[in-house]
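Chemist: As a plain string of letters, each chain reads:
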Amino acid sequence: MKEIIWLGRGGQGAFTAAKLLGAAYTLDNEKYALAFPSFGPERRGAPVKAFTKLNSKPVADRSQTEKADYIVILDDTLYTEDIKNFLKDNGKILVNSKSEIENTKTFDAEKIASEFRLPTVNTVMFGLLVGISEIISPENAVRAVKEYMPQKIQERNINAFLKAVEEVTE
Amino acid sequence: MKKFLSGNEAFAEGIRLARPQVISAYPITPQTIVVERLSEMVEDGSLSAEYIHVESEHSALSCAIGASAAGARAFTATSSQGLLYMAECLYYASGGRFPIVMMNADRSTALPWNIYGDQRDSLSQLDSGWIQAYAENAQEALDLALMSYKIAENKKVSTPFMANLDGFVLTHTYETVDIPEREQADKFLPPYETDNRFDFDNPKNMAFSAGPDTNYIFKYKEHEGILSAREVIKQTENEFAEIFGRRYTGLIENYLTDDAEYIIVTLGSIAGLCRETADKLRKNGIKAGVVRLRYIRPFPNEEISEVLKNAKAYAVLEKDISFGNEGTVFTNVNSALKKSGINVRGYNFIGGLGGKNISASDIEKIYSDIQNGTDSVNFIGIGGENNGK
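Top to bottom, those sequences are chains A and B. Using this note's numbering, read the first sequence as starting at 7 and increasing by one per residue. Using this note's numbering, read the second sequence as starting at 0 and increasing by one per residue.
Check each hint, because a few of them may be wrong.
Quick list of simulated restraints, FRET-style, between CB atoms [stated by the list, open to error]:
| # | chain 1 | residue 1 | chain 2 | residue 2 | range |
| --- | --- | --- | --- | --- | --- |
| 1 | A | Lys63 | B | Asp185 | 28 to 38 Å |
| 2 | B | Met0 | A | Gly51 | 46 to 56 Å |
| 3 | A | Asp82 | B | Met0 | 35 to 45 Å |
If you are wondering where the hints come from, they were derived from the structure by calculation, not from laboratory data. Glycine included, every Cβ here is placed at the ideal spot set by N, Cα and C.
The following block holds chain A by itself, in its conformation from the complex:
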């Protein structure tokens, strides 16, 4: 089973990214996923966690991920040293940041997002994850965006996503 923890702030779309990954993964036969937010009242700007679990059999464990393959952080102010405790031995941490952070891969996701007039970096970070991990194909991700995002923001998000994938697979 592959497990991804998403960290963001309320309104940044961390859970949307978690959901898009799950939806994209299950487009292929015999693929199963769960996606859920850290439960509770929704508050804009407050730290939120989201989880995606991917497996080739139905995911029975609905509890929050304790050891992830990837931790994706949408806002670098949420990064702390102890986040690595939630990572598997060969796991990776991806952070949206303009500066380097030790033991993580940082990307200036805001730069890509702004190119496509996007106020949030969720689909950019989704693209970076897909490019680096190859957990799903970019084609499936695009299909998921078309099915689960409002039509008027689909194109910009797809283009930003694909640009992000390109950024890490060249």
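Let chain A serve as the given structure and place chain B on it in line with the hints.
Modeler: This is chain B only, laid out in the frame that chain A set:
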């Protein structure tokens, strides 16, 4: 059609296919999404129903009772304090034999105030005369929505139906569900027809008083109605399997129980983690099994006795406590065994209260505790010699 949906959204899809004519609801976390989706469906015309946004849960169910008494298929949904606020009306609905379907998002009860999932709300209402089912995942939630009307409206049953979804863990978790085709759903569930309704052409007295001379007969008939759901649930699941290709297992679902020595009996969404833990323990030579109670009313007395009779010990894991005694599900399971003359040692594990996570290691510990013997009533995560005795 496959869709990536939350438990609430899946349930709303099932209700859309069931074509209720009246939906009366008041929003409450974590139920809100189901009534929001249904209001959108009514708005966009994909569900033709009268949607009534009432001012309270007491009114939500009263309104559904009125609609059902007029011969309409009615739906409502609630959670926690909302369910408790409508408690008075639960008895009117069941006593009046109105086959209303209600989704309850299982959530803790105040105080302390808490919006997270446990099962103390619905389990406190076991005596209200409603059928009670507990779904494990979003697909089962959708399928229950569709089956619930067929079971409740069966003339032998004529009993309201409460479909329970664990708050957040099921209501807010997204997974892939298969949404049946409209034609298939219509074939499975015909429109509601009943004589138990207001009819100007054939006027009759409804929802009347009954004194000591007849009241007990009505209560006996109510008991008979809910008991007959045992058979009707089986028939309905057979028909469902024929049309939709998904088969359910009646009042309980057994996992690796044939030769199991140590069995966890539980309900709702935690069952999956119990099964995974049983798999893991089996690799170490421990004969572990799991029983998931899909229905608590009618209660699976015979099924429980049959599956537990050869075990060395069992645990009942529930998100509930009847203060001053034990978990209510434990009481019910023990009673089933006693009635069958079966003497297997049982232990109660109370967990998940107020949304507290139950981990794989908690479940492993339950299996080891019942092998070694422990207190009769145990609170997961709270230790101490005299705890829970």
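Chemist: Take the hints in turn and mark each one as holding or not.
Modeler: Here is how each hint holds up against the structure:
| no. | hint | in the structure |
| --- | --- | --- |
| 1 | A:Lys63 - B:Asp185: 28 to 38 Å | holds, 33 Å |
| 2 | B:Met0 - A:Gly51: 46 to 56 Å | violated, 37 Å |
| 3 | A:Asp82 - B:Met0: 35 to 45 Å | holds, 40 Å |
Hint check: a violation occurs at hint 2 only; the rest are consistent with the structure.
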